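Turn these sequences into a full structure, and let the hints steer you where they fit.
Mapping to the UniProt record's numbering: the sequence shown position 236 is 236, numbers consecutive.
Keep in mind the hints are simulated off the structure, nothing from the lab. Please note that a few of the clues may not be correct.
[As the list claims (entries may be wrong)] Only pairs whose alpha carbons sit at most 27 Å apart, straight line, appear in this in silico DSSO-like list of lysine-lysine:
| hint | residue 1 | residue 2 |
| --- | --- | --- |
| 1 | Lys176 | Lys77 |
| 2 | Lys37 | Lys255 |
| 3 | Lys77 | Lys255 |
| 4 | Lys176 | Lys146 |
| 5 | Lys67 | Lys37 |
| 6 | Lys77 | Lys37 |
| 7 | Lys146 | Lys37 |
| 8 | Lys255 | Lys146 |
| 9 | Lys176 | Lys67 |
| 10 | Lys255 | Lys176 |
| 11 | Lys255 | Lys67 |
| 12 | Lys67 | Lys77 |
Since the structure is predicted, the reported quantities are computational estimates derived from the model, not experimental observations.
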Amino acid sequence: SQPILGELTASHVSPDSVQLEWSVPEGTFDSFVVQYKDAEGQPQVLPVDGGSRTVTVPGLSPSRRYKFNLYGVWGRKRLGPVSTDTVTGEWVCGPHLCPLGAAEPEERPSQPILGELTASHVTPDSVQLEWSVPEGTFDSFTVQYKDAQGQPQVVPVDGGSRTVTVPGLSPSRRYKFNLYGVWGRKRLGPVSTDAVTGEWGRRTIHGSLECWPEEEPPSQPILGELTASHVTPDSVQLEWSVPEGTFDSFVVQYKDAEGQPQVVPVDGGSRTVTVP
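Listed below in structure tokens is the structure:
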């Protein structure tokens, strides 16, 4: 039975982020996709797993109207969109820590503390970041960095996570990563760390450099054929196989209609993704 996509609402709005919520009155979806245009008018895509009913869209501009479209992916079908419009707030006390008419202090839980950010696992094309929360809880996190072309990138992370892998990096390049914690209408941080991606043939795990000897290389997984299994006027569903071994994650790269490079991260257990 085909699932039904319920109403989309903006449940929490700050100057630089919007939290979206939706319902699924009937059935289940494999995944969701949020689409919107950034302040420069460039289309942005935010993939969301099928079990979620909320996502925070970070990296927005203050005092700007945004329209968000939510699609539900079910097998080879993309259902929707359901849409909502919202206007981001204004900064009233600086961009890093800004309460906007929040509840009285005695009604609010103790403000959480964001611990140290470290690069725990570095490869030529990815960095795994880890952090701690010594006290309290955050609603979500945001990792910000600049890619090899100097373009700012944003990776949203749910509030229960303490680690994230940033894919699609370039080898032998220094990156600076900033981590923010979102708590109610406040954005705390950043805490930062620098990491230099490795060269092909070596990797760093918890500060220890491991070189892969030529005579004993690790068992390398094999990436099978990529096919476009379902094509619509505004989306393509890609499928692929892994004949041998396992991958930590996948990255789909393409250029949009304006020639801008786009990156879609995919978890290592997936064998399909819809590019909307």
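Here is what the structure says about each hint:
Taking the CA atoms of Lys176 and Lys77, the gap is near 39 Å; set against the 27 Å cutoff, the hint is violated. Simply put, Lys37 and Lys255 have alpha-carbon atoms about 16 Å apart, close enough for the 27 Å limit, and the pair holds. For the suggested pair Lys77 and Lys255, the alpha carbons sit about 23 Å apart, so the restraint of at most 27 Å is met. Restraint check for Lys176 and Lys146: the C-alpha separation of about 8 Å stays at or below 27 Å, so the hint holds.
For the hint pairing Lys67 with Lys37, the CA-to-CA distance comes to about 8 Å; that is within 27 Å, so the pair holds. A threshold of 27 Å between alpha carbons decides the hint, and for Lys77 with Lys37 the separation of about 23 Å falls inside it, so the pair holds. With a CA separation close to 19 Å, the supplied pair Lys146 and Lys37 stays within the 27 Å bound. At roughly 18 Å between alpha-carbon atoms, Lys255 and Lys146 fall within 27 Å of each other, so this suggested pair holds.
Taking the CA atoms of Lys176 and Lys67, the gap is about 31 Å. The hint is violated against a cut of 27 Å. As the CA atoms of Lys255 and Lys176 are separated by approximately 25 Å, the hinted pair is consistent with the 27 Å bound. Proximity of Lys255 to Lys67 is assessed by CA-CA distance (about 22 Å); at most 27 Å being required, the pair is judged to hold. Taken as a hint, the Lys67 and Lys77 pair is honoured in the structure, with Cα atoms around 23 Å apart against an allowance of 27 Å.
Of the numbered hints listed earlier, those contradicted by the structure are 1 and 9.
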